[in-house]
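A.B. asks: Read off the chains here:
There are 4 protein chains.
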Amino acid sequence: MTSREASEKEAGAPPPLGIGMIGYSFMGAAHSQGWRTAGHVFDLPMRPHLAAICGRDETAVRTAADKLGWAAAETDWRELIARDDVQLVDICTPGDSHAEIAIAALEAGKHVLCEKPLANSVAEAEAMVRAAEAARSRGQLAMVGFNYRRVPAISYARKLIEEGRLGALRHVRVTYLQDWLVDAEFPLTWRLKREHAGSGALGDLGAHIVDLAQFLAGEPLVGVSAMTETFVRERPLLSGTSAGLSATGGAQTGPVTVDDAALFTGRLASGALASFEATRMAAGRKNALRLEINGEHGSLAFDLERLNELSFHDQSEPAVTAGFRRILVTESEHPYLDAWWPPGHGLGYEHTFVHQAKDLVEAIAAGTDPAPSFADGLQVQRVLAAVEESAEKNAIYTPVPAPSGIES
Amino acid sequence: MTSREASEKEAGAPPPLGIGMIGYSFMGAAHSQGWRTAGHVFDLPMRPHLAAICGRDETAVRTAADKLGWAAAETDWRELIARDDVQLVDICTPGDSHAEIAIAALEAGKHVLCEKPLANSVAEAEAMVRAAEAARSRGQLAMVGFNYRRVPAISYARKLIEEGRLGALRHVRVTYLQDWLVDAEFPLTWRLKREHAGSGALGDLGAHIVDLAQFLAGEPLVGVSAMTETFVRERPLLSGTSAGLSATGGAQTGPVTVDDAALFTGRLASGALASFEATRMAAGRKNALRLEINGEHGSLAFDLERLNELSFHDQSEPAVTAGFRRILVTESEHPYLDAWWPPGHGLGYEHTFVHQAKDLVEAIAAGTDPAPSFADGLQVQRVLAAVEESAEKNAIYTPVPAPSGIES
Amino acid sequence: MTSREASEKEAGAPPPLGIGMIGYSFMGAAHSQGWRTAGHVFDLPMRPHLAAICGRDETAVRTAADKLGWAAAETDWRELIARDDVQLVDICTPGDSHAEIAIAALEAGKHVLCEKPLANSVAEAEAMVRAAEAARSRGQLAMVGFNYRRVPAISYARKLIEEGRLGALRHVRVTYLQDWLVDAEFPLTWRLKREHAGSGALGDLGAHIVDLAQFLAGEPLVGVSAMTETFVRERPLLSGTSAGLSATGGAQTGPVTVDDAALFTGRLASGALASFEATRMAAGRKNALRLEINGEHGSLAFDLERLNELSFHDQSEPAVTAGFRRILVTESEHPYLDAWWPPGHGLGYEHTFVHQAKDLVEAIAAGTDPAPSFADGLQVQRVLAAVEESAEKNAIYTPVPAPSGIES
Amino acid sequence: MTSREASEKEAGAPPPLGIGMIGYSFMGAAHSQGWRTAGHVFDLPMRPHLAAICGRDETAVRTAADKLGWAAAETDWRELIARDDVQLVDICTPGDSHAEIAIAALEAGKHVLCEKPLANSVAEAEAMVRAAEAARSRGQLAMVGFNYRRVPAISYARKLIEEGRLGALRHVRVTYLQDWLVDAEFPLTWRLKREHAGSGALGDLGAHIVDLAQFLAGEPLVGVSAMTETFVRERPLLSGTSAGLSATGGAQTGPVTVDDAALFTGRLASGALASFEATRMAAGRKNALRLEINGEHGSLAFDLERLNELSFHDQSEPAVTAGFRRILVTESEHPYLDAWWPPGHGLGYEHTFVHQAKDLVEAIAAGTDPAPSFADGLQVQRVLAAVEESAEKNAIYTPVPAPSGIES
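Residue numbers (the numbering used here), protein chains in the order written: chain A, 1 to 408; chain B, 1001 to 1408; chain C, 2001 to 2408; chain D, 3001 to 3408.
Just so you know, the hints here were simulated from the structure itself, not pulled from any lab data.
Chain A regions said to be covered by chain C (calculated; three or more residues, Cβ under 8 Å): (1) 34–48; (2) 284–296; (3) 341–349.
One side only, chain D facing chain B, incomplete, derived with CB under 8 Å: (4) GLY3069; (5) ASN3287; (6) LEU3307.
Glycine included, each C-beta is placed from N, C-alpha and C at the ideal position.
Work out the full structure: start from the sequences and follow the hints.
C.D. replies: As structure tokens, this is what we get:
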């Protein structure tokens, strides 16, 4: 009997929560790190057990299982869902398969964590919300993976806004700038095809910033005006494998069927103005999710490339000593930080997945609703749909249907 | 005979250029500093002579003349224009008087420097361009005061773009954020009344960033989509005097008839996307004219609050050593810098007016066309008009009439 | 048979490497994260097995074992060393016990990883080096835990210097500023007592920056001149528990017997000047390990509070476009990064321990000498001793004995 | 009668103060800008009149007089001092002539402004202080040109420290990094010769940071430990002219007889530790006068390359919202700023000379003692002498004689 087994028996150790994950590339690796780590850092009410991982290529998925620490491997997602040792299905596949898998998993009595964007269309997302609501009555939970809500600086920004430190909001401006498509020779991966990705920078990056804007403001967008553009319309067909966001291409080309960039403005329910830019064509910007929020009592600014920092300006300070403060969000009183390192010892990107795992496990154990919900994911989808509609109609201001309520 | 007079006689010293300036508040003080200083720093072909200043209040204008270094004071701008010792009329009044004064000065045979925005309407601006063209044939020059083109970092950014260091442009994003209207008690100055100011943040701040975007890109905006907002719609009536951008208010209130903020997107002639935000409601941002331009070969970024710096990313560098460089634009090879101080000894805001004076004096002496021209000012006016039209029409994409050509 | 076991049998899976760790507070938690994670991110030739953890308090160590993922718990470090399933002993205790444990472990035939500083005195460190040399001949390896060498930006900085991108070095300046002792009420923990900690900021923070200066420059310090100071000489005695760097104190006080700050200058073997400051009294600085190195061909700058960034100035660039570049050290070509996330998705503090685990496992599998060696740790100890000697002798320049050679 | 003459008669206009300046290169140009501008920006009790400038080369000094705006030119400084229209002698020559000229000017009944460093030796500085004291009794004032005290951010930092916002000081660290000597081909100008410059980086840059450290702390250094170094010991002899800090060299070489870099530590009277580094060999650093001061209640940081900003950390803030604030020192309540531009419209390097002129004119009109006094300059000289002595004696801690009192 190992020490762990012994102490579990003695101490009434936390019961296991079996995880089954579908997909094992970039997001799969990041989620694995979250599941593996959460219980060793936080005191969780249930112990995540990495039960099984699923992918279509048997050799590859088996290698991934070993590398990433999963106990078993499956090649058919329906088999994964059916496993007795899986209580939670974690969906890390491209967006076109989210609806089918999530609905099946919910119907099979499993909790579901689904990567963002929730789906590739509003209709799919609506079906997923209905399935989640039905499952909720049976005690199953569903959550969408907008992981950036769990950057401590972002969580703390939301807290400051909730406490009224900014007062009535005037401006929300968010950009998400990357540059991996600047090179016209970068090949046609699935992320550049409408049938798999739904959209381009809009769904991939824009979904994040729409969710963050609404999450931080605590209110939905009510309308948008948009332009989108595809600067490089033909790219080499993919040859060989792709990993993360990198890939190599061959001699033949094919059409890019998604946007390279999306630029949109909007109004929040309170009347605040919002501006958004999502692009993969900003040379030198690697992961520049930058946001600034201005209110009548203060302002906040954040840059994902410096994710341990939050800038805060308090308008009530005397003008002579006022200024944006660089808060290192690494104090033990900051969200999630009491479980990590001393002040100034920063966290990284993957910690958002550890926090996501922790929060979801706690919600499951407590039977409370995790956020962001599928309804939150649907609301983002409706904004993205309005953006696409506006972009097709000469940027005309396009209302976003009211959500049942942004749950946060 | 003073040393100067003696040496002028001997050396064939530069002839004087008589300046007559109308207006003596913030812009008047800044222009005065430019005219007083340019000849002592640069070797100019003509020597600016601060001949006369004009304002309606006799005591105030006389005090200003003494303080700011003008030889004489006038209370009627027509008298100022008529003076024999005035060859150049410098217009620093609110926008509603620009057209009348500029046209009269040109018709009186004077060169004209007119503060931005060129006018309060496209019609006025067109009349001014016609007057400038007529005067040009008589050898008189006209220039509009978009002084930020003459921040060395901006001048140098234009040079890098002209040289092709960025390649085809993809994105231009510019914000101009101030916060002096965050306080709802700030009173109704002329800048908040449509009849004097034409518009609010749009004409005051937006005009600058539209000009800079077109100047830097070297191409015009062809269409825009816009939202504007007035967050504080009633403000205390002005009591007492205002200075610079500060003022005090009384107990009665009146309506704000201009925008507090303008948010717009657009397309440049080449197809690049552009985004703009002008606001006076961004708590903590004092003069945050921030711009970033992304091209296929590189990117540039600038912040007016750190005006001696230019950030440059060169996409042709190996990825391992690539990154935005912080160029201190204080080397003697940088624009205007050979006349100033050693590297690292930075310049300030007012130096833009010294450079403006230098460039205009040189253009007058050489008989060449100064930039930005009245036609450039008209082009900005047309963009602002399209912004207002789009904002009234649900943000619909609104074309900007083609310019005769952006002169830079 | 689990998937892992099956595939291990089939594929000739990597053999396990049993780890035994002594100490389970801040450093213990960080090392655990390193051992748990390394094999799931990097393709390692041996699989770290968290065999056993050791601490004096049986309940506490058992709880730590469960939380941190160790298979067994011990309360006597001699028992831990004796375990058959432990091949590598990882020492995370205060410095006063390093020598005894490390020498015993080496004599027992185990590999050793020892936290920094290597020891509390030169004599202890020398004995450890002798033990390591004797063990080396039996195939055992020893390494000291200067983890900051494995921040990717630091590793890459070393590479740039090795490649000659800076040319002959002129200046190395390093500060390590923290502020957890600013509050005079912070209690007397073991870190403030000479008998346990050896010294204060000097051994804790100064050891890191002396190692980094020598590692990056690739040459040893040959002499130093120093001042030290204890600003708060009495502190409350510890009451209750301490965690990480935080603790609470009672009403009685006792003397602080270590330095609060150490300030020293030095010369490197090449003649370059170096300056150092280590303090826990710099209000607002949480973990400000800042370094800058100037050479005849360029400069590098780094700040641990922004650990994903490296600033690089290349003196061979034309002056007009030269400037410090902000390199995001997150490209797949950067050290350690090919195993992590896409560009711009930054790492955190604890990743240094993952990299340390990876490098040590690879060295053990290959039978090569890991760096930093115990000899490197001794060399740091000699510098610290010279610093203390100089500080006692009116800052007189004090030579540092020549090392057998800095291995890097 | 001009407007100015008329209004002067009417209004009892301020009387003139005749300035005579010796030297017309970099410092001469900067001081001229100060004298020309101060009265047009600030309401001064006396009107600076640029009476005469002095240099040895008749043609060059006459050209400089015209360019810089001086009414007359002299080639013998004794003639300049003797002029009736000169009440204040401004000494902008190399340090070896400061004592002789200043003493002669004071003995001739003139006020004196002397560029820093006050002299090339303690003995000279002492003689100057004695002359200044004798002159003081006759109503003449003497001031040394440590212009950086008059950067608004520095003035305001002193105010915050005086108000106790930092509490007892713990650390003062200041570097002044430039790079114009990195190139070994830069020629032997007067600044590299001991007989003219007294010392190298130490007197040129070190004098500034010693003065700032003592000014900001409000207390003197009581002892220092130092190292100096000359990395490039032979340089090309000067050929042709030099301007500012740039120059060109010929084929022959000569010895550099001053330091390239000086590195020293010290103790302030209160027991705070201080560290200093002055170098002209820091590739990529153009004018990096960087300082940070840590006290028990807070910290301040400043960088001359961003001179409109001051960073302030208030230790009394709750840890969750604490952080260094970036204060834009451009509010009308900040020192000197009410006379300049609206918030966010920054100043430059030369404004320090405008402020210096203003403060000295006001002191002369009021008959109060200006700061920094010659005694302050002497105190800096004593520190520099102790630095040189320590550097010659193996960095031994070397006491600085107590000043009669640092006047600020």
